[in-house]
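Protein chains in written order, with the working numbering: chain B, 13 to 328; chain S, 1469 to 1666.
These are calculated hints, taken from the structure and not from any lab test.
Hints are supplied without guarantee of correctness; some may be wrong.
[Unchecked claim] Below, simulated EDC-like cross-link-like pairs (lysine to aspartate or glutamate); rule was C-alpha separation at most 16 Å, straight line:
| # | chain 1 | residue 1 | chain 2 | residue 2 |
| --- | --- | --- | --- | --- |
| 1 | B | Lys194 | B | Glu272 |
| 2 | B | Lys237 | B | Glu190 |
| 3 | S | Lys1476 | B | Asp275 |
| 4 | S | Lys1598 | B | Asp110 |
| 5 | S | Lys1621 | B | Glu107 |
| 6 | S | Lys1526 | B | Asp275 |
| 7 | B | Lys120 | B | Glu84 |
| 8 | S | Lys1566 | S | Asp1594 |
| 9 | S | Lys1566 | B | Asp273 |
| 10 | S | Lys1631 | S | Asp1503 |
| 11 | S | Lys1476 | B | Asp273 |
| 12 | B | Lys206 | B | Asp275 |
| 13 | B | Lys120 | B | Glu158 |
| 14 | S | Lys1610 | S | Glu1639 |
| 15 | S | Lys1621 | B | Glu272 |
| 16 | B | Lys306 | B | Asp320 |
| 17 | B | Lys174 | B | Glu107 |
| 18 | B | Lys323 | B | Asp240 |
| 19 | S | Lys1476 | B | Glu158 |
| 20 | B | Lys173 | B | Asp275 |
| 21 | B | Lys174 | B | Glu158 |
| 22 | S | Lys1621 | S | Glu1639 |
| 23 | S | Lys1583 | S | Glu1639 |
| 24 | S | Lys1621 | S | Asp1522 |
[What the hints assert, rightly or not] Over 10 Å on every C-beta distance to chain B, these chain S residues come out as not near it, computed from the model:
| # | residue |
| --- | --- |
| 25 | Asp1503 |
| 26 | Ser1504 |
| 27 | Gln1506 |
| 28 | Ile1509 |
| 29 | Asp1512 |
| 30 | Tyr1519 |
| 31 | Asp1522 |
| 32 | Gly1534 |
| 33 | Asp1573 |
| 34 | Arg1575 |
| 35 | Pro1601 |
| 36 | Glu1603 |
| 37 | Phe1615 |
| 38 | Ile1633 |
| 39 | Glu1639 |
For each residue, glycine too, the CB sits at the ideal point set by N, CA and C.
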Amino acid sequence: MHKEPLDMLQQLSDFYRDNSELYSSFDINSYEQLTASEMAQFVLSVPQKLDVVLEDKSLEITPLGSFEIWSENLFRIEKDVVRTDRNHSFYPSIETSDPSEMISKCPKMGLLRDILMTFTSSFPNNEPGFVQGMADLCSPLLIHIEDESEAFWCFAGLMNKKKENFNNDGAGIKRQLELLRKLLKVMDLPLYTKLNEIGSMNLFCAFRWILVLFKREFPFEQTMKLWDTCFSNYYSTDFHIFICLTIFETHRNEIIGHIEDTDELLCFIHGLSNKMDSDAILASAEDLFLQFKKICKAQGCLQEGRLDLEKVLGSF
Amino acid sequence: MSLQNILKYKTVLLGEISVGKTSLISRLMYDKFDDSYQATIGIDHFIKTMYLGDTTIKLQLWDTAGQERFRSLIPTFIRNSRVAIVVYDITNRSSFTKVNSWVRDVRNECGEDIKVVIIGNKVDMDSSRKVWPEEGEELATKLNAIFMETSAKTGSNVQAMFKKIVMDLYEQKVPVKETSTHLNINYVTTSVGSSCAC
């Protein structure tokens, strides 16, 4: 029977929850020292149960492969879960530096870990697997929704939209940076020229903005407002590219006047973190968007309906 | 001040996730430790300014994300590095076994001349130690690298490690030299003053 990927995620979610004891009792740092029977119990139980859960053979996981992948993902996820949104009141402060211990004492961190484990374990060949940044995108959903399964589905939906950000080859981020580059050329040629002169045309300094949707650039609640605006898709599904443009534009004079190389640019841009006003940025982004639309109209390349940035920029 | 000699040394921190790269930088820059540091996304950049006599030394620190996925982004930023600090966590064996490949990667990218420093971090968690100092020492000798154990949490050996790196570079006297008067924005400047004067 053909199953939709999301059905499988739900089943895996249930599977993981039902078996959470099995995984939590398992110290992945010391798996090499496990007795043969403990090892066998773990390794054998996973694929057998997965086979029952997943009838689609493409998702069949080999016993040892699955064990390695699960352990690696669990290790990375726990390391990141305990350092995501730690200053938010949702996660109580716990005095220990051991991730597993911290998670066992904080059920809400446990929920975040379980959502991420379920999600990353539901793809064949561990692709994309757990990628740093995913916890940044998942945690706000859990904080706002609180319910584990609903937060999981929201996260699965968000990752479906943002999966290109986590591609192995980085092509998704490169595509978005290319859009930003073209947009800068249309909207502010002097700044574009300056960035070119200082060898910063790869716009790597905007990598973090795009990967975690400005999560590291603004305080939590302000980021949520930006997310709401972006997710509404009101003007364009690529409105976040206009937010990137706006941050550059807000600081264009400092960049043009004082920045002399890529290193300085990255340092300057990262230094803006938590010092920007999201309301002002959003208002300017809207202005810039409307300006851009006018330019498109003048160029005769404005289409009907919501703006498809990639298509429009292709015609410049 | 405006026409003094400024030496810039580009230093990159590498190593597996959550071994304490950002924490080591934070201890050097701000002399503080916070165990809730967020995971580094992509790459980050800090400048530590030190003074040696009448010379200003800018240690440019490139902090990298530990996850393999981001490795493809690192080479652009670590070219021309003078120093690579490869960090592992003494309580995590697998972070130590991967030191070899980090050192190999950085030498491929930056050439054999780059100074490599291997750091075993988190010595404050000695009771959970999985890697012995002798092993770190042996690996460092094999890889022609400097070895030290540190704790970003307690501060143990951190300032000493960076000071050693700067002094070694300064004594080699083959710096990238520049005279600069341009404005620096958002750079944290700290003087290590007399304790580092030579």
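So, going through the hints one by one against the coordinates:
1. Lys194(B) to Glu272(B): 22 Å, violated
2. Lys237(B) to Glu190(B): With Cα atoms ~25 Å apart, Lys237(B) and Glu190(B) exceed 16 Å; violated.
3. Lys1476(S) to Asp275(B): Holds, at about 12 Å.
4. Lys1598(S) to Asp110(B): 15 Å, holds
5. Lys1621(S) to Glu107(B): OK: Lys1621(S) and Glu107(B) at ~14 Å, within 16 Å.
6. Lys1526(S) to Asp275(B): It holds: about 13 Å lies between the C-alpha atoms, which stays within 16 Å.
7. Lys120(B) to Glu84(B): It is violated: about 21 Å lies between the C-alpha atoms, which goes past 16 Å.
8. Lys1566(S) to Asp1594(S): With a Cα-Cα distance of about 20 Å, the restraint between Lys1566(S) and Asp1594(S) is violated, given a limit of 16 Å.
9. Lys1566(S) to Asp273(B): Outside the cut-off at roughly 32 Å; violated.
10. Lys1631(S) to Asp1503(S): 24 Å, violated
11. Lys1476(S) to Asp273(B): Holds. Lys1476(S) to Asp273(B) sits at ~14 Å (cutoff 16 Å).
12. Lys206(B) to Asp275(B): 14 Å, holds
13. Lys120(B) to Glu158(B): 9 Å, holds
14. Lys1610(S) to Glu1639(S): 24 Å, violated
15. Lys1621(S) to Glu272(B): 35 Å, violated
16. Lys306(B) to Asp320(B): 15 Å, holds
17. Lys174(B) to Glu107(B): 34 Å, violated
18. Lys323(B) to Asp240(B): 24 Å, violated
19. Lys1476(S) to Glu158(B): 49 Å, violated
20. Lys173(B) to Asp275(B): Not satisfied, since the Cα-Cα distance of roughly 31 Å exceeds 16 Å.
21. Lys174(B) to Glu158(B): Violated. Lys174(B) to Glu158(B) sits at ~22 Å, over the 16 Å cutoff.
22. Lys1621(S) to Glu1639(S): Violated - the C-alpha atoms of Glu1639(S) and Lys1621(S) are around 30 Å apart, more than 16 Å.
23. Lys1583(S) to Glu1639(S): OK: Lys1583(S) and Glu1639(S) at ~13 Å, within 16 Å.
24. Lys1621(S) to Asp1522(S): 32 Å, violated
25. Asp1503: For Asp1503(S), whose nearest Cβ neighbour in chain B is about 5 Å away, the distance does not exceed 10 Å, so it is violated.
26. Ser1504: 4 Å, violated
27. Gln1506: 6 Å, violated
28. Ile1509: The assertion about Ile1509(S) is violated, with a minimum of 5 Å to chain B.
29. Asp1512: 6 Å, violated
30. Tyr1519: 20 Å, holds
31. Asp1522: Non-interface label stands for Asp1522(S): nearest chain B Cβ at 24 Å, farther than 10 Å.
32. Gly1534: The claim breaks: Gly1534(S) does not keep its Cβ more than 10 Å from every Cβ of chain B (closest is about 8 Å).
33. Asp1573: Non-interface label stands for Asp1573(S): nearest chain B Cβ at 17 Å, farther than 10 Å.
34. Arg1575: 22 Å, holds
35. Pro1601: 20 Å, holds
36. Glu1603: 16 Å, holds
37. Phe1615: 23 Å, holds
38. Ile1633: Fine: 18 Å to the nearest Cβ keeps Ile1633(S) off the interface.
39. Glu1639: Glu1639(S) is indeed farther than 10 Å from all Cβ atoms of chain B, at 25 Å.
The structure fails hints 1, 2, 7, 8, 9, 10, 14, 15, 17, 18, 19, 20, 21, 22, 24, 25, 26, 27, 28, 29, 32 (numbered hints given earlier, in ascending order).
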